[in-house]
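Please take these sequences and the hints and turn them into a complete structure.
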Amino acid sequence: MANFSKSTVPQFSVDVYQNEFLPEGGRDVSAIVTVTSTGGGTTGGFAGGGPAGVVIMVDCSGSMDYPATKMRGAREATAAAVDTLRDGTHFAVVAGTHVAKEVYPGNGGLAVADARTRAEAKEALRRLSAGGGTAIGTWLRLADRLLSSTALTIRHGILLTDGRNEHESPEELRAALDACAGRFTCDARGVGTDWEVKEVTGIASALLGTADIVADPAGLAADFTAMMEHAMGKGVADVALRLWTPVGVEIMFVKQVAPAVEDLTGRRTEVGPRAGDYPTGSWGDESRDYHVSVRVPQASVGQEMLAARVSLLAPDPAGGDPRPLSQGLVRAVWTDDLAMSTSINPQVAHYTGQAELADVIQQGLDARKSGDRDGATAKLGRAVQLAAASGNADTAKLLSKVVDVVDAATGTVRLKAKVAEADEMTLETRSTKTVRVKR
Amino acid sequence: MSQKPKPSHGLAACPGCAEPLESGDRFCGACGYDLSAVPAAEGGADRPTVAIVTWPDAPPRDPGSLSTMTQHPGDLPGTDSGGRDLPTMEVRTDGPAPAESGAPAPAPGGPPAPAPHAVGSPTPDGDFELAAPDPRTAVRADPAPEPAAAAPTAPAAAPSAALCVACRAGRVDTDGYCENCGHAQPHERDHTERELSGVAAVSDRGLRHHRNEDAFAVASTTLPDGSPATLAIVCDGVSSATRPDEASAAAAEAAGASLLAALPRGAHPQQAMHEAIVAAAEAVNSLAEEPGQDGAEHDPHRHRNAPACTIVGSVVASGLLVVGWVGDSRAYWVPDDRSAPPARLTEDDSWAAQMVAAGLMNEAEAYADERAHAITGWLGADSYELDPHTAAFKPDRSGVVVVCTDGLWNYAEAAEDMARVVPADAADRLLHGAQVLVGHALDGGGHDNITVALVPFTVTPQGAGSA
Chain U
1 MANFSKSTVP QFSVDVYQNE FLPEGGRDVS AIVTVTSTGG GTTGGFAGGG
51 PAGVVIMVDC SGSMDYPATK MRGAREATAA AVDTLRDGTH FAVVAGTHVA
101 KEVYPGNGGL AVADARTRAE AKEALRRLSA GGGTAIGTWL RLADRLLSST
151 ALTIRHGILL TDGRNEHESP EELRAALDAC AGRFTCDARG VGTDWEVKEV
201 TGIASALLGT ADIVADPAGL AADFTAMMEH AMGKGVADVA LRLWTPVGVE
251 IMFVKQVAPA VEDLTGRRTE VGPRAGDYPT GSWGDESRDY HVSVRVPQAS
301 VGQEMLAARV SLLAPDPAGG DPRPLSQGLV RAVWTDDLAM STSINPQVAH
351 YTGQAELADV IQQGLDARKS GDRDGATAKL GRAVQLAAAS GNADTAKLLS
401 KVVDVVDAAT GTVRLKAKVA EADEMTLETR STKTVRVKR
Chain A
1 MSQKPKPSHG LAACPGCAEP LESGDRFCGA CGYDLSAVPA AEGGADRPTV
51 AIVTWPDAPP RDPGSLSTMT QHPGDLPGTD SGGRDLPTME VRTDGPAPAE
101 SGAPAPAPGG PPAPAPHAVG SPTPDGDFEL AAPDPRTAVR ADPAPEPAAA
151 APTAPAAAPS AALCVACRAG RVDTDGYCEN CGHAQPHERD HTERELSGVA
201 AVSDRGLRHH RNEDAFAVAS TTLPDGSPAT LAIVCDGVSS ATRPDEASAA
251 AAEAAGASLL AALPRGAHPQ QAMHEAIVAA AEAVNSLAEE PGQDGAEHDP
301 HRHRNAPACT IVGSVVASGL LVVGWVGDSR AYWVPDDRSA PPARLTEDDS
351 WAAQMVAAGL MNEAEAYADE RAHAITGWLG ADSYELDPHT AAFKPDRSGV
401 VVVCTDGLWN YAEAAEDMAR VVPADAADRL LHGAQVLVGH ALDGGGHDNI
451 TVALVPFTVT PQGAGSA
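Quick note, the sequences are listed as chains U and A, same order. Here UniProt numbering is used: the first residue of the first sequence is 1, the next is one more, and so on. Here UniProt numbering is used: the first residue of the second sequence is 1, the next is one more, and so on.
Between beta-carbon pairs, the in silico distance windows are:
#1 A:Val165 to U:Ser13: 28 to 34 Å
#2 U:Ser343 to A:Leu386: 27 to 33 Å
#3 U:Ser149 to A:Pro20: 53 to 59 Å
#4 U:Asp194 to A:Asp34: 40 to 46 Å
#5 U:Ser149 to A:Glu19: 56 to 62 Å
#6 U:Gly131 to A:Asp34: 53 to 59 Å
#7 U:Pro67 to A:Pro20: 46 to 52 Å
#8 A:Pro20 to U:Lys369: 21 to 27 Å
#9 A:Ser197 to U:Ser343: 46 to 52 Å
#10 U:Asp321 to A:Tyr384: 54 to 60 Å
#11 U:Asp394 to A:Gly444: 56 to 62 Å
If you are wondering where the hints come from, they were derived from the structure by calculation, not from laboratory data. A virtual CB, placed ideally from N, CA and C, is assigned to each residue, including glycine.
Here it is as structure tokens:
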């Protein structure tokens with residue numbers, strides 16, 4: 001890994017959007033931190049960022065045969081993903097049931113992608129058959145073992161399931177996720193409609209990947225190809241968002257707000273006096289937004305202070321201290337000019353709305369499941385209103401499949417009497433997806 | 001900024017109307033009470049989640065000392081806010097801790113005597129021992145641990161070792177903020193004073209603004225006939241515009257330079273003042289063309305306003321007193337003989353002045369209105385029509401000209417009030433006089449930046465006869 005050359009590693013830039021002006025007695029400082037990495041992914045990708053490994057975990061439980069298109073779809077999708085692998089990428093395929101089995105290469109390690117290994121892997125996929133239970137924790141632990149068998153810069157997993165995690169306790173899955181968190185990133189997909197949304201989103205969230213639904217098995221191949229292309233674009237792994245705050249500043253929350261809402265507040269690792277790291281996973285050519293909210297000590301009008309310093313750090317391939325990539329400052333300035341202190345930064349307002357949108361969708365769907373129709377109508381109505389106001393067209397469309405929209409501006413809706421399960425699950429899975437501020 | 005929603009307000013019922021609440025509510029459903037503004041919610045419940053290092057107890061206060069109990073830089077291992085090692089070269093610049101004065105810190109003949117190093121000497125008071133440990137040095141497990149972490153970082157970081165003026169405990173990082181309490185350090189322009197023979201000026205940030213957007217220029221020169229001339233320019237940046245501090249600085253500098261070039265050439269002071277204001281306006285206009293590098297993105301409610309400022313200037317030369325102005329910065333005439341009437345020499349370009357001039361309001365009503373300070377003339381690219389006002393006076397007695405921004409005259413609006421606060425010996429102790437006037441504004445509340453220049457006018461026998 002000594003050839004970890006800087007030129008092909010993404011360049012990070014940090015922009016801070018905030019209204020730094022506080023009224024007299026004001027203490028709350030919110031800022032949207034936009035992190036953009038360029039020059040890695042699409043141009044250099046894995047080749048530049050050092051060796052990468054991907055493990056594909058395919059659900060082979062008995063339910064995958066009902067209907068049989070699921071198993072066929074999964075096989076084809078995995079083959080398509082294998083085809084998308086760049087030469088030189090380390091990879092393995094795991095068949096998941098109540099236990100995890102290595103399908104390819106099957107020697108307790110990873111294969112290196114080239115024409116021969118790709119063909120062998122696809123040959124091995126033909127032997128995949130359905131039968132057995134579901135214990136996702138075992139799949140993840142095997143993936144972790146495989147990915148740690150070689151020195152890799154980027155470690156990624158792709159997990160496909162079609163059912164509930166029935167053959168191990170939630171605690172066992174939790175323990176497996178805790179063991180794997182920070183060791184590799186993982187995208188999770190649910191195929192069909194018999195799986196548990198919170199399980200799949202929980203896996204993706206813990207392992208800093210994406211979650212989505214593929215209701216129709218026929219769509220799996222395209223989705224897997226896209227996912228693998230995305231993974232191939234990653235140039236640098238284990239990037240941490242470091243937040244330094246002065247003495248006396250409370251951290252209210254740290255959230256990723258774009259491309260999807262992900263609360264990072266509880267994932268802080270202390271790294272020294274007044275500084276903590278929040279994991280962000282691996283980065284290619286992309287841009288993400290974070291919402292940082294802190295509470296500063298009161299100060300008199302005319303004072304100015306640094307409320308937080310946000311920096312991004314990448315691990316040093318040589319094993320030393322993390323390298324700082326870029327940083328931004330969140331400031332607080334007290335003023336008695338009400339026009340300045342009362343204006344809300346448009347970015348902050350927008351993402352506050354997007355976070356609320358994700359919240360009310362979840363609450364509305366929960367209320368609907370528990371039979372609270374009034375609560376569900378109120379929450380989903382608010383969601384429709386927020387989605388319309390913020391221009392989140394994708395979420396608005398998903399919502400319209402669950403409720404009849406009477407008036408989007410006021411959030412007046414009626415619950416649909418019959419909702420396709422796939423539509424409800426799609427809405428729940430994608431509820432955290434956000435759109436960026438219209439500029 | 002108080003509209004931030006919290007993840008949870010932690011209240012069972014609305015503090016306004018006792019309506020039961022849900023945990024995700026941002027407003028009370030019954031009365032609309034803003035739950036994000038409930039102070040008690042965070043007060044107790046959330047405090048334990050704060051990640052703050054625990055500070056050791058401060059040493060007890062030294063009897064007779066004016067300072068409160070303070071922590072010292074060595075009380076905790078420090079990194080700067082970017083997480084890098086601090087320069088540990090000179091951890092202590094203010095002597096040993098008062099409480100431990102019995103135990104001299106350097107302890108030259110100390111115990112095992114390792115190689116002498118600047119900090120980290122094991123002293124009985126414990127302050128220094130904590131300054132040195134660097135967690136990462138420990139992690140790397142150097143085979144031969146250096147006595148202090150100071151050596152490798154010292155050369156690079158030595159210049160920025162200033163101690164924070166707010167908490168006296170942290171160091172100032174390269175961005176100008178304290179690495180401990182985060183407070184911004186005073187800017188160069190927060191308080192400036194200048195005294196020349198025949199003119200003095202003081203500018204102060206005031207108590208309510210976060211930066212000083214006023215600027216001044218003072219100078220003295222010689223006319224072609226060898227007689228002295230003094231000039232003072234005072235500018236007040238328009239806060240609602242972009243980079244008002246740069247605008248005022250540019251205007252003051254350009255006007256001062258213009259006068260300094262024109263007066264020695266023999267230009268009439270009033271004409272020179274007019275040209276100086278035009279030059280200042282051009283300097284401010286040119287700022288608007290520069291790309292807004294100062295984070296125009298970050299000030300969305302401002303970025304369309306071109307930099308702007310007011311200007312007032314005074315020239316005393318060959319028996320003439322010339323003033324020139326645009327905006328609401330003022331010049332007052334205060335005769336040395338206080339029994340003679342003082343006068344305001346300028347007419348504001350302001351809403352209030354226009355109301356009074358038009359006879360629509362009397363002065364008291366106009367200045368009580370919240371629009372009183374809206375100015376109707378300024379220097380800046382978005383000023384539709386530059387109309388420099390100048391006036392020349394020939395006082396028949398000695399006195400002093402007070403050239404000031406509204407940060408001062410808000411606290412002494414009428415000429416009589418101004419005359420009362422100008423010290424009797426102002427003409428002889430110009431700088432002191434200006435300081436007293438700034439002090440008057442600060443005592444009154446210091447709501448704005450305050451800038452005062454004093455220019456004495458002395459009636460000379462030969463000046464009296466000429467026209």
